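With the hints as a guide, bring both chains together as one complex.
Here the protein sequences come in this chain order: A and B. Heads up: take any position in the first sequence, counting from 1, add 69, and you land on my numbering. Heads up: take any position in the second sequence, counting from 1, add 9, and you land on my numbering.
Calculated directly from the structure, the hints in this document are not laboratory data. Check before you lean on any hint, since a few could be wrong.
Chain B side only, calculated, beta carbon under 10 Å to chain A, not exhaustive [unchecked claim]:
1. S76
2. F78
3. G161
4. G167
5. R168
6. L187
7. G194
Fair warning: this is a prediction, and the values are worked out from it, not measured in the lab. Using N, Cα and C, we set each Cβ at its ideal position, and we do this for glycine too.
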Amino acid sequence: MIDTPSVDWFALSPSLAALGAAAICLLSGAFMPRWILRPFAAFFCALGFIAGGVLALLVYIETPDGSLVVADTIFRDRYAAFTQILVMGAGLLTVFVSYSARMREDHIGEYYALLVTAGAGMAFLVQSGNLMTLFLGLEWFSVCLYVLCAIEIDLVGSLEAGLKYLIIGGMGSAVLLFGSALIYGATGELGYSAIAQATSAQDLTGDPLLLVGLAMLLAGLAFKSSAAPFHMWTPDVYEGAPTPITGFMSAATKTVALVLMYRVLTVAFPDEKDVWTIAVAVLAVISLAWGNIAALVQANVKRLLAYSSISHAGFMLIAVSADNELGVRALLYYLIPYSAISIGAFAVVAARERELGEAVTLDNLAGFGWERPLLGFSMATFMLGFAGFPLTGGFMGKFLIFSSASEAGWNWLVIVGVLATLVSLYYYLAVIRAMYMRPAAELGLAPIGGSPPREIMLSSAAFIAMVVNVGAFFAVQPLVDFARSAATTLPL
Amino acid sequence: MTDWLATILIFLPLAGAILVWVFPFGRLAGPVALLFALAEIGFWIEALGQMNFDKPGLQPNFNQQWSWFSDLGVSYHVGFYAFSFWLAGLAVVVMAAAIAYGFWVGRERPSAYFGLMLFLTSAVVGVFASQDVLLFYVFFEAMMIPLYVLIGVWGGPGRLGATVKFVIYTMAGSLLMLASVIVFGLSEGSFDLVTTGTSDNTWIFLGFLVAFAVKAPLFPLHGWLPDAYRESSPEVSAVLSGLISKAAVFGFIRICLLKFPGPFDDWRNVVLALAAIGLVYGSLLAFRAPDIRGVIAYSSLAQMGLITIGIFATNASGVSGAILQSVNHGLISASLFLLAGTIERRTSTGSFERLGGMARGRPALATVLMVTGIIALAVPGSGAFAGEFLILAGIFDIGWGWAIAGAAGIVLAAMYMLRLISGVLHRDQGPSVPDAALDLRPAELAILLPLIGCLLALSAWPAAISGNTLEFSSQRPALEKLRPAGSAGKRPNDEPPEGRMDFVRASVNK
Numbered sequence: 070m071i072d073t074p075s076v077d078w079f080a081l082s083p084s085l086a087a088l089g090a091a092a093i094c095l096l097s098g099a100f101m102p103r104w105i106l107r108p109f110a111a112f113f114c115a116l117g118f119i120a121g122g123v124l125a126l127l128v129y130i131e132t133p134d135g136s137l138v139v140a141d142t143i144f145r146d147r148y149a150a151f152t153q154i155l156v157m158g159a160g161l162l163t164v165f166v167s168y169s170a171r172m173r174e175d176h177i178g179e180y181y182a183l184l185v186t187a188g189a190g191m192a193f194l195v196q197s198g199n200l201m202t203l204f205l206g207l208e209w210f211s212v213c214l215y216v217l218c219a220i221e222i223d224l225v226g227s228l229e230a231g232l233k234y235l236i237i238g239g240m241g242s243a244v245l246l247f248g249s250a251l252i253y254g255a256t257g258e259l260g261y262s263a264i265a266q267a268t269s270a271q272d273l274t275g276d277p278l279l280l281v282g283l284a285m286l287l288a289g290l291a292f293k294s295s296a297a298p299f300h301m302w303t304p305d306v307y308e309g310a311p312t313p314i315t316g317f318m319s320a321a322t323k324t325v326a327l328v329l330m331y332r333v334l335t336v337a338f339p340d341e342k343d344v345w346t347i348a349v350a351v352l353a354v355i356s357l358a359w360g361n362i363a364a365l366v367q368a369n370v371k372r373l374l375a376y377s378s379i380s381h382a383g384f385m386l387i388a389v390s391a392d393n394e395l396g397v398r399a400l401l402y403y404l405i406p407y408s409a410i411s412i413g414a415f416a417v418v419a420a421r422e423r424e425l426g427e428a429v430t431l432d433n434l435a436g437f438g439w440e441r442p443l444l445g446f447s448m449a450t451f452m453l454g455f456a457g458f459p460l461t462g463g464f465m466g467k468f469l470i471f472s473s474a475s476e477a478g479w480n481w482l483v484i485v486g487v488l489a490t491l492v493s494l495y496y497y498l499a500v501i502r503a504m505y506m507r508p509a510a511e512l513g514l515a516p517i518g519g520s521p522p523r524e525i526m527l528s529s530a531a532f533i534a535m536v537v538n539v540g541a542f543f544a545v546q547p548l549v550d551f552a553r554s555a556a557t558t559l560p561l
Numbered sequence: 010m011t012d013w014l015a016t017i018l019i020f021l022p023l024a025g026a027i028l029v030w031v032f033p034f035g036r037l038a039g040p041v042a043l044l045f046a047l048a049e050i051g052f053w054i055e056a057l058g059q060m061n062f063d064k065p066g067l068q069p070n071f072n073q074q075w076s077w078f079s080d081l082g083v084s085y086h087v088g089f090y091a092f093s094f095w096l097a098g099l100a101v102v103v104m105a106a107a108i109a110y111g112f113w114v115g116r117e118r119p120s121a122y123f124g125l126m127l128f129l130t131s132a133v134v135g136v137f138a139s140q141d142v143l144l145f146y147v148f149f150e151a152m153m154i155p156l157y158v159l160i161g162v163w164g165g166p167g168r169l170g171a172t173v174k175f176v177i178y179t180m181a182g183s184l185l186m187l188a189s190v191i192v193f194g195l196s197e198g199s200f201d202l203v204t205t206g207t208s209d210n211t212w213i214f215l216g217f218l219v220a221f222a223v224k225a226p227l228f229p230l231h232g233w234l235p236d237a238y239r240e241s242s243p244e245v246s247a248v249l250s251g252l253i254s255k256a257a258v259f260g261f262i263r264i265c266l267l268k269f270p271g272p273f274d275d276w277r278n279v280v281l282a283l284a285a286i287g288l289v290y291g292s293l294l295a296f297r298a299p300d301i302r303g304v305i306a307y308s309s310l311a312q313m314g315l316i317t318i319g320i321f322a323t324n325a326s327g328v329s330g331a332i333l334q335s336v337n338h339g340l341i342s343a344s345l346f347l348l349a350g351t352i353e354r355r356t357s358t359g360s361f362e363r364l365g366g367m368a369r370g371r372p373a374l375a376t377v378l379m380v381t382g383i384i385a386l387a388v389p390g391s392g393a394f395a396g397e398f399l400i401l402a403g404i405f406d407i408g409w410g411w412a413i414a415g416a417a418g419i420v421l422a423a424m425y426m427l428r429l430i431s432g433v434l435h436r437d438q439g440p441s442v443p444d445a446a447l448d449l450r451p452a453e454l455a456i457l458l459p460l461i462g463c464l465l466a467l468s469a470w471p472a473a474i475s476g477n478t479l480e481f482s483s484q485r486p487a488l489e490k491l492r493p494a495g496s497a498g499k500r501p502n503d504e505p506p507e508g509r510m511d512f513v514r515a516s517v518n519k
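This is chain B alone, in the form it adopts within the complex (with noise of 0.2 Å):
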């Protein structure tokens, strides 16, 4: 079975999802979706005790390859290089946090809405799977069609306009995207990302770079982001920031970083400059945000520009903290959209003028968003903070401008967390918050301490991600010149790695 796991991870929700579609299960729709998703979590545990985070040579775990349409070389391959499988591993955690949210809450017309869910779930997780550009391309696009229905049925009251503006960004950059996968397949006469060699066109390394930065999103292609994550629901709003970003994280590293090598160094300063205008940018956005899901959004733009840096400095410690980061902001992002959603249940409101004076009288709420700010903001300690530290030490080999950039971003990170936290915990209580408003409920509690436990279990030990990500870096010399800790014993010589490593290896071991 191990062969299979990829392929079983990717469909298996998608079998779900006809099941839900085709069957009147009605209410039950809920639950069969959420079984699915535990299903889901169950393989992909299954899959991290078969996975292999050492795996010479060039071939992903759980290879898996078909022939899908021979003339042009395209073929049904898919695998998981460690740090993909870490971002399914978020994948599926998520998706079931927020299939059971949406279940929790209870939305209309519930067959269609938890098939879309699966759907998606297996396209982000195929996003994530795939080692064929084109079959990338293919789950690339499947996320974009259940998340324009979720987004347009399911949405608030200005979820067309929404719709209409997140369509277009996201689709004029995979469009361009679609132009150069067409000609590197082409090109390379085979569209396989494992055996194609690496290629030099800066023209199809923008098509890629482009498509990417949207999905990420990067400044200044992030104009879909607010309305999209205002207007969506909180479930849908969670994944959206939480995992279709990661999408991009996928893109920069498989393709970008290991396809085109001379490209990459040639255009790494502009990308850098725009991740860093972003993250100082969003940050300072998200500090002046009136509402809460305000604050989250814009917090995400800058948390995948400080990301797309740790990527951009194209080295080890820089890469795996990219990775370790992914994870941890992906789940910090859900649990914060559904910790607003739970608020504005009982308040009907996000603005933080009416919102204040939530903790007195409801400990477990005080208690869950508090925890996830303070890991959000970056203390020490906490999985965040291992992962922002290694970008930084990533970065700061590239050039210590972009660490100080690097630096204020984290700074400003702790004062628009701070503000959420005070703006809805403490202060005066605000005038919609009624007296009534209950406590986070058991099932709420079950739906997000598990994002929390996950969150917990990173911050006391963030190597195991950190440490587990950088198998595939012989495709790429640049990575494999400081290899952390996790995989030193694969040393082809044993010397020691060098004094800032040591450094980093020692806080991220503590």
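In isolation and in its complexed conformation, chain A is listed as follows (with noise of 0.2 Å):
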């Protein structure tokens, strides 16, 4: 008989919240009548992500202090709650784009309930406390969005980008997954303070089969960020996958991603510090450099916001690989406007997919920001916070980020940041550009008969991330306390 550990349910209630959202949604697939079917299974998803958000919430509140649980395999710590809250709320504005949607009918109920298992999963992995439930994490998502991003099999490149991404993701996660065996190896431990205890006690560091074993857990978490050289699947995948969830990954992926990627880097690593915030820089530095040179070149907005997003995890590298208290901070503050205006941006590309039923171009988006003013105005805020500019959170992102590279004494890696952000700002001002600045008469664009389609819950969700990304430029005190207290329960 196997002894069963005590399980600190509340510790694990957002994700159970949001499986059990998933539950009815896919149950509703079954039982309810069409015309009641979508507004019913995108309620309860979103009432998933509510309740979710609430609780991580909850946790938060009544964790001050972070500790292992269950059998110490999970953190029950602000740092993880604050994340859960992140990916919930990503995951409601996602519902939000996603509702108005052409979909075939045959799969609502399988659309949400992968979705907010999905998010379930996330709520998983950061709380993550060993390598077995990091595995099982990555795995419990990466497996939804595989289908998700396939289950529009009559869009052209779907599934596709399901099959790419099903690939190439089933390969980094082989390869975190080799990184985790010789790590254990190397240490006989899967905890990730045990890994650290083990490293100093048999006195390991410099360990070659610990090294080897952390670059590949390193190299697996890069493909879930999609940092460069590890991004080859990203253009083609957020290319091809139906707009609402190419918004989801490139926020909530990247987030956990990244989050968990410090984690286990502070956790578990301390000793090897010197190897992996240089091998992290240098990550950082490719992926600013791809991403930004790569995305010059783009005329179709969703490849061009796809290396805009590898850029970005170059630039939220930069703060990982800095490893102080700024650093981490500036990490968390980041993520914040970031994925609002992640899914903000999506929603809008959306919104003109639907509208002329091609993917959208930068030629084809010509005079939208006069035709749709809320959409056209979000648009380019999220471009000016995406490129960091003033009165956006953008800017106050990348502020805090180079701040802490100069504070850990990486000034060179400021000058990198600033000069990949000249570059970007070549494509983002296009996007304006081309909104604004180019009459749809001058590219000869077929009319669109009627009026635009109106999309209330894409609008607000465009809406909403605006705010969101104008207020944290304001509100950059009590956004930066809240990351402060998450990161209280990291070892700095």
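Shown next as structure tokens:
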């Protein structure tokens, strides 16, 4: 008879709430009549995200000091709860964006069920306290996303996107798993803190087995956060996947991958700090360079945003590599406006896509800003936010990240970041240029019959994202305080 | 309310911008915006009455500070030193004229247009008011957003190329400045400009210097200037050359001069050389430019060179002359660009080949252009003369060679300005000048005459500005050595000022 450990259900409640919602969505697909299926499933999906977010907030409030629970495999701390709130918020906005998407009716229930299950998996992943739960959480949400990418089998490229994501993501997972095995082989431990203790107790610092394991673990997480040179899947998958899902991936997947990466590196490998800070800095520089330069030549807006997301992985990796108190605050702070901006930007792309019935390019965005003032203005603030202009949270995020790098004594990394920002201006402003400065008539687009579809849910998602983006600029102090107390459980 | 005046001056136009964007005023957007711009002038005059031009100590007038982000010592800290207060005054006047002109001409999508103009007003005043280096950066960058859209949407046929060039140049400068801002703030432990000490780090200094040199622009960083000034609508060109370049003046004085005394002196000769080259080169280009806007654009390059020379003379007369000349140049180039706009509306060209003879039958246009041009070429007795004279007197202390370059620039200014005046007004009637082209309309006069009036007032009493600029000079001993007349009463000991300053004072106070 194996002893069952005592389970802290409260710590797991965000994931469980989301899973419960997923069950309802899945059942609704089987039992609900067609006409009510869409609102019903979307409502319960949204409810699942809201419940998960509220429970995460409760965990956050109730847990001033972090601890390991459930046989030391799960962290119950503010760091995880903060990220869960973020993921649940991103999921909620994604439901809003998805609601008016044209979708085959036979899989509406499944779509929302998978979406909220992916959210549950991400919530589980950021709590993981050892390499087993890490892998479990990672595969949990990845499998959901593989299916979601391919769910629109009528959509050109959707199936291709799903397949590509499956194969490359599977390879990433395999690398991560292999790395975990090597780390276990070197230290005989799976728990993050236990690995750190074993490393110092057995004097394993610089042990080749451990280092190779660490490198493979890092590579596996870099796959998920789409940092170059592990980004090859990103443009194709982002382009082919249904646009709301793309937004969710670029916001939530990157969030959890980076947050988890930072937790694993600091908690499990404090003795290898000299090695991994350099490695992460190198990843950051490659991502910044590759993402920005490749984005310059993109005409398809989804691909452009995909490369932009690669370059933003680079920016956030700067904060990880700085590895100081300011760095972790900067990372957590920046993820707030960044997630909002990503989902908002893809929401606007989705709106234009539905209007035109074809892929959105810089050319066919012409005149969009004047035709749809709210969406156009929101998109302009998103682009300015990505580019790090003042009056957006993106500026404050970059400012904090560069400050943390400077404080860590890495001024050269600041210069790289600044130059990357300069390059990125060209394509971010190209979107604004396309929306506002090129009249539609100039391009001879076929006129679209009737007024654009009224998508209140999508518009409000874009509006909320804009408010978060601009609000994060002014409310930097409370948000950073929030991030600071979230980061207290990390050993720094 | 006195404490709040700086904040009101910054946020009043922003409130107007949001109002104009959100409510569907339609064609009424222009008058509403103009109302806000005039109210802004009213508040500035109110502030002028409350301003203490000899405020002792470091704290500026209308000082107001709230913590924004305490982890790194970032705060919302605003206030006006005398010199920045004059620049803010220039800003509110020129923006009001530009908004009025935009309304008179009638722009498409008025809500968006006038909202952006008000937003720009906020950002420009914010630049001049900020006393926190990150806040300064925020406003400095925030200016870019409306300018980018204003040029890109309402500009001429080559506007897209012009905006790309403009953005790349200025952002290259200002992003390097961001790196400098961060390193400066972290090394000082605070981003506050008033309480932090000075720094000797050359690299940080260069980051700031390059950003301002692009904005000014200084030779050889002026590549964006001709396109941006030609492709913008006239009122936006007026704002670009009259106001946006003055953000660089503020930066040179507030940050480079006061925060980096060591590197400033080390790099002085380099900057002076570039400014002198820009002055002569810009003047020559202005003399050869084929159209009105080309002349004004390159004359701006030249004038900014002269102003930079004054600042980098690092003495009282040079700096106060530079500030006086900044205000003069802002008013002059704004008037000239608006005049260029009125001429282009009548003839649909700015090319001298197709212009000429417009003075006949158009006395108002001829008089206004003549007066502006004559002040611009700095005839003795004009405000521009006083400013240029102070600058030359200041730079003469540093080396007479620089003064020769400055004097050459002034001679060349007479050449290109007279060429502009005669090219438009005199000679035979040009092929593009229809007989039916009207004289300046009353509305146009109502926009231009206040600007000319300000110029004439400064001609009558230049010491109003030049004598009331250096109350901050205790922060930089080199400036205090020669405090000019206006604040002479505040000298610690009553020794008479040096001989040259007597002469300057006499000419300025005349």
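Going through the hints against the structure:
1. At about 7 Å, the closest approach between the beta carbon of S76 (chain B) and any beta carbon in chain A falls short of 10 Å, and the interface hint on this residue holds.
2. At its closest, the beta carbon of F78 (chain B) sits 5 Å from a beta carbon of chain A; the interface hint therefore holds under the 10 Å criterion.
3. Nearest Cβ of chain A to the Cβ of G161 (chain B): about 4 Å, under the 10 Å cut. The hint holds.
4. For G167 (chain B), the suggested interface contact is broken, since its CB lies about 12 Å from the closest CB of chain A, more than 10 Å.
5. At a threshold of 10 Å, the smallest CB-CB gap from R168 (chain B) to chain A is about 7 Å, leaving the interface hint in force.
6. Interface restraint check for L187 (chain B): the shortest CB-CB distance to chain A comes to about 6 Å, inside 10 Å, so the restraint holds.
7. The beta carbon of G194 (chain B) is positioned within 10 Å of a beta carbon in chain A (closest approach about 8 Å), and the interface hint is therefore held.
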